[in-house]
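Engineer: Each of the two chains sits in its own frame; use the hints to bring them together as a complex.
Protein sequence lines correspond, in order, to chains B and A.
Letter by letter, the first sequence follows residues 64 to 348 of the numbering used here.
Letter by letter, the second sequence follows residues -17 to 448 of the numbering used here.
I should point out that these hints are in silico values taken from the structure, not numbers from a laboratory.
Built from N, CA and C at the ideal position, the CB exists for glycine as well.
There could be a bad hint or two in this list.
Beta-carbon label-pair distances, calculated as ranges [unchecked claim]:
1. A:S441 to B:G211: 35 to 43 angstroms
2. B:G211 to A:G356: 45 to 53 angstroms
3. B:V288 to A:Q403: 25 to 33 angstroms
4. A:G144 to B:I330: 52 to 60 angstroms
5. B:L101 to A:K245: 42 to 50 angstroms
Negatives, chain B to chain A, calculated, CB over 10 angstroms [to be verified]:
6. R81
7. Y105
8. V109
9. P146
10. R179
11. R185
12. L266
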Amino acid sequence: MTANVAAPSSERRRRARRRLLGRVLLYLGAALLALWVLAPIYIITVTAFSPRSVVYDYPKHLIPREVSAETMDFFVNSTGVLPSLWRSVQVALVTLALSTLIGAPAGYALARFAFRGRDTFRLAILSTRAFPIVILSIPLAVTFIEWGIYDTIWSVALMHTALALPFTVLITSSIFVSVPRDLEEAALTLGCTPISAFVRVVLPLALPGLAAASIFTFVLSWNEVFAAVILTLRERTLPALILAAITESPAPFRFAAAWFMAAPSLIFIFLIRRYLLGMWGRVSR
Amino acid sequence: MNRRNDAVLGTRRISRRDTLRFGFGAAGIAATGGLIAHRSANAAGGGLGGRWAPWPHQGGETIVFLSTQLRPVEEAEKMRNTILADFEGSVDFIPEDTGPFNDRIAAEAEAGEGTIGVIGAQHGDFAALAARGYLADLTDLLQELSDRTFVEDYVQLGKFGGEEQLYIPWMQATYIMVAHREALQYLPEGLDEESLRTSLTYEQLGEWVRNINEAEGQKFGLPAGEDGLLHRFFQGYAYPSFTGGVNTTFKSEAAAQMWQWLKDTWQYANPQSVTYGAMDEPLLSGEVWVAWDHVARLISALRERTDDLIAFPAPRGPQGLGFMPVVAGLAIPKNAPDMEASRALIEYLTRPEVQATTLREVAFFPVIEGELPGDLPPGVQQEVDAVQATTSDPQALPSLLPVGLGEQDGAYNKVFRDTFQAIILDGNDIQQTLEQQAQNLQSVLDAAGASCWAPDPESEGVCQVG
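Next comes chain A alone, as it looks inside the complex (with noise of 0.2 angstroms):
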């Protein structure tokens, strides 16, 4: 089975490493960086009119800019007067929560008048907007952006499995650990600060948290609050690693042997784990040691104690290391006020400088292959090297958000914590949990009509639930 998983899979999954690669600029930067400025060169001469010439666009109305995405303060306030401010037009950065974000959008639609001129969001929070055609067809901009080349799976995302271009990769993000220095002298034997980055495993994670147990208590931690992120550690991270699989693979021998490690490793984690939305506070405030969560949920924590913590890639199970990397885009709303003045603000977010600023800034990594600006910040620079240290992984095996679920993104994601909050919370057999849920994803799959993603193998028709 294994064998002809990895058959079938054998080209996908380079060609889908490769591009992540890129995407993080971990491999042949050199090459990549000269092939921007050739790229570069091109287009002066190509029909942009000049490198970079700004969007012809009338007026000087300000765009109104609506984001989930880099909502804190301080980010918001980088986007504002650092990334955004060699724009030409003036822009009104508004971050805002998904639910008035969708409401609004759906508002303006329905009333047929429009103020937001672009959205910034996750793939995810596209999915609903997609379906219910807001979205304006960007496939015309995509083309003239051809200069900058994106990772193809994030424009192939950006599709929603139809032909119209709805959004356009703006910036991409990952998971990664992080854990206090103090914590390094209860590694279990055989691992060392350095080993840590390249082979730590599911089952020495478990034995190292363990160990920090018995000497200082329950410092291990994973956001399980309702804010918390903990159903992509088994979409991306736990499930491929250890089955090779997530949806094919959801009920089988190796899954079972998942979450009895989790179940093992479960009781050495901070009970308070369960209210954690982000990780980057518990970690500074020092009631968890070794932490798993998005790069942007432990920035904070990187950025304010550099030196007592240390960022590394998420450890492997047998099937590899399984990461799971993710996708913000931009849209236009269909009846955006100023549709040129808008594409010229998606044209300017994805500029190979302004993708090197928004990383050096805001901790989110270009979506276009190029080098990576070398003058980051000691915080900024942890969570590059963990992520190069995944993407370049022998073992590394990216798993992609979940595509086509459309609206049932949501029901999809509450199956992996209801699996969670059975077994793990309730302490219900596994087996027969797994049995149950496997019913519940299937449903879930099938309203959808999804075929299977990476790492699952692609399907015929529906993803079947194994």
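This is chain B alone, in the form it adopts within the complex (with noise of 0.2 angstroms):
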């Protein structure tokens, strides 16, 4: 008799602690996971704005001793950097709007119409990733020197947004599917068109998936290098410019660099990062 009383409460107890176990493992994992993100940029950060002698120190301060902008200020002003910075924002936003322009309605389609060929086609979008830029380099070259596009954004945002579509396209059709398809036809019973009703009633619980499509093309655009680099000469964008650059700078700049470019692809996660979470408050219900 005893011993059934003392059963449960001792089981709960065990669960309990069970579950506070799961729970302190879970945010030392989150942590770690966290922590395996921010170190490197930390590091980056403060090493970018130390002083050039402070960068070669062993061991490294991890609390900053001395704050210098010197090296950034130089990487900065340096011949090139802020016309490229502008010419990479300018890319990514083509690459954006032409990606999604093109790559959202095909989603569409993928998620709401049964058509032959439907999983070929679906298949055959990922190929174009499967074909390595490298090989195709000099022929694009050639094909947009020809075209007179060479050596502007115009020709980086093509190839980016080339390379772009399949995520585009794959992306935004899983999100359409989780749109119901009651709700849409309701729409159109009470007296939507089917563009309005995708404009009013999908589009709205789409938007955070778009938004996740399109932080996967802007950060594609703003970290591709090779195109970039094949297919401008003076009218660099950031990465193009930097590589050709950094590899063989002292590190000093290398950090100024490295900071230089994660920042503002950072600041565009922050802001889109909203529509994310709506995202998996919404769809998710």
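Structural biologist: Given below as structure tokens:
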């Protein structure tokens, strides 16, 4: 009898302890993951704003003792950095617009309509990523020279759109799948045309997913080096310029450049983040 | 054998050494200084229409100057803001990695529409471009520039074994050693800071880094990383110093001794050496105290910590003090948008005063004879002293960059790196590895159809690995 009474409470205690342990492990894991991402960003930031002599110190100081924008200043003001930053933003925005305009309708079609060869089409989209751009580089450059858009933001944006489209199409199609068909049909019965049903009902629900796709596209375009290097010469995007200038530069400049590259995409992700949170809130409901 | 080599090489070796000496301005400074003055006076009355008159070229179009040299941010900025400052036209100096550099020139050549005006690159970078016929013939430009005396060996290299002058020499560099002053206390008996410059042997270098190892740990460093220039250490330094040759002595007994020396010494090298591309940063951070590398890859350390570091020539071996000068050149693609403007830029960059500015600002040495400027920054001055100590050494044994390899250039370097990998890193048997790699080396030379170059004695037909 006494044993029977004791059993459930010890059982409960054990379960509570296990739950606590589970939670501690979860938070520990989350903290480790966060550290994994944040530690390099922190070290880059601290080093980028340290005086040159401190950069080579070993062991590294985790808390900066001296702050200096000297290297950063030289880097930012060296030829071409600011214009190429602006070009990178332009290229990313054009890529974003083009790939959404082309990719979202394709994703919608894949999600809503059953047509012959749909699965093949879905797979074929991915195959564009299977071609290494390395072997395409010279023909691409030759073609763009002939079209007269070599060394402009347009050639790079077109190339980035081609690279981003598979992701945009697949991500948007899975988003549209998760928007219930019934809602769209209800809108149609209440007097919407197919287009206005899409704009007024489907699009608002799909917005978080589109935001996620746009992060992919933006980051892809922002970080892409190879095509940008081959397709531009004087009108460099930031990664192309930095690749040429930084790989052989001393460490202080590499840290400055790394920070300068990382900061804008972090800002973009922070701006777009609330739509992402909205996605978990709404679509999963 | 050695006697015979000496006899064959006797005259040639002297003339090469002399030209190199002149190139670095190490010998006969007063005399050549006088020559320059004399020559420019001649030029004033010559066909140039006034002294250094800018080339006539139409329009204010910006010249695109694509370069595999001077890539680091600071160097590129110095090129744009200081070295090119007095040029009459406007220039867009664009440094680029070798890969995209080659692709771009190929693409412009195929499209038949060029934007690039002038190409600046190392001798090795030009080989593939020359082989595919992308470069314009500059023979007449070289004649127009006859008032400046280029180092003759470099002019010959720019012909790639043919008749046409495909590039004009631009600037030169070589390799030296740099050490921390703290390391000097561990110098082996009989060596001090002074004699380090004039008598360091490979034997003593090994002893030195062993002493350092006992007290401080593994502080010797070589650029054995993927981007490092370790192959040049073998081609221009270790092989010539130990064996008196490179290809013809590749698997000789002396070569085996050289590899044994490196094997013994490598245990005192910082294990991170296999990741080093350039030695300036390991020297700055103190991971390495004694290092060998290209002057351009050491200069930032010498600039940053001039007082803590000391520069000196590479060591000498039984056959002499092997060293390798390297050259960068200027070329014009066949479809350059404005030939005249491109030629004007080359004329500008090879002027004596611009060559002097180049040395002062980016530590690349002039390719024309003449007096070196006196007002050099201390870091550059240290390099100049070390280079002059090298070239004026009575035992100096200069090697040419591999000649006539064309597209086999990369494969040739790979043989030396593979041998290093096998013997030093994997610990394979020295003689056996050398036998194997000698076959690879021979097939590279066969594929290129290259005859021997200095310090190997001239060969009839393809160079034979020995």
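Engineer: With reference to the structure, classify each hint as holding or not holding.
Structural biologist: So, going through the hints one by one against the coordinates:
Range check, S441 of chain A to G211 of chain B: about 51 angstroms between beta-carbon atoms, so the 35 to 43 angstroms window is missed. For the hinted restraint 45 to 53 angstroms between G211 of chain B and G356 of chain A, the CB-CB distance of approximately 51 angstroms keeps it satisfied. At roughly 29 angstroms, the beta carbons of V288 of chain B and Q403 of chain A sit within the given window of 25 to 33 angstroms. As the Cβ distance of G144 of chain A to I330 of chain B is approximately 55 angstroms, the hint placing it in 52 to 60 angstroms holds.
At roughly 44 angstroms, the beta-carbon separation of L101 of chain B and K245 of chain A lies within the given 42 to 50 angstroms, and the hint holds. At the 10 angstroms boundary, the C-beta of R81 of chain B stays outside the reach of chain A, the nearest C-beta of that chain being 46 angstroms off. The non-interface label for Y105 of chain B is consistent with chain A: the shortest C-beta to C-beta separation is roughly 20 angstroms, beyond 10 angstroms. Against chain A, the non-interface label of V109 of chain B holds: every CB pair exceeds 10 angstroms, the least being about 17 angstroms.
With a least CB separation of 12 angstroms from chain A, P146 of chain B remains clear of the 10 angstroms interface cut-off, as annotated. For R179 of chain B, the condition that its CB be more than 10 angstroms from all CB atoms of chain A holds, with the nearest at approximately 40 angstroms. For R185 of chain B, the shortest C-beta to C-beta distance to chain A comes to about 33 angstroms, beyond the 10 angstroms cut-off, and the non-interface label holds. Here L266 of chain B stays apart from chain A, with its beta-carbon at least about 41 angstroms from theirs, past the 10 angstroms limit.
In this structure, only the earlier hint numbered 1 is contradicted, and the remaining ones agree with it.
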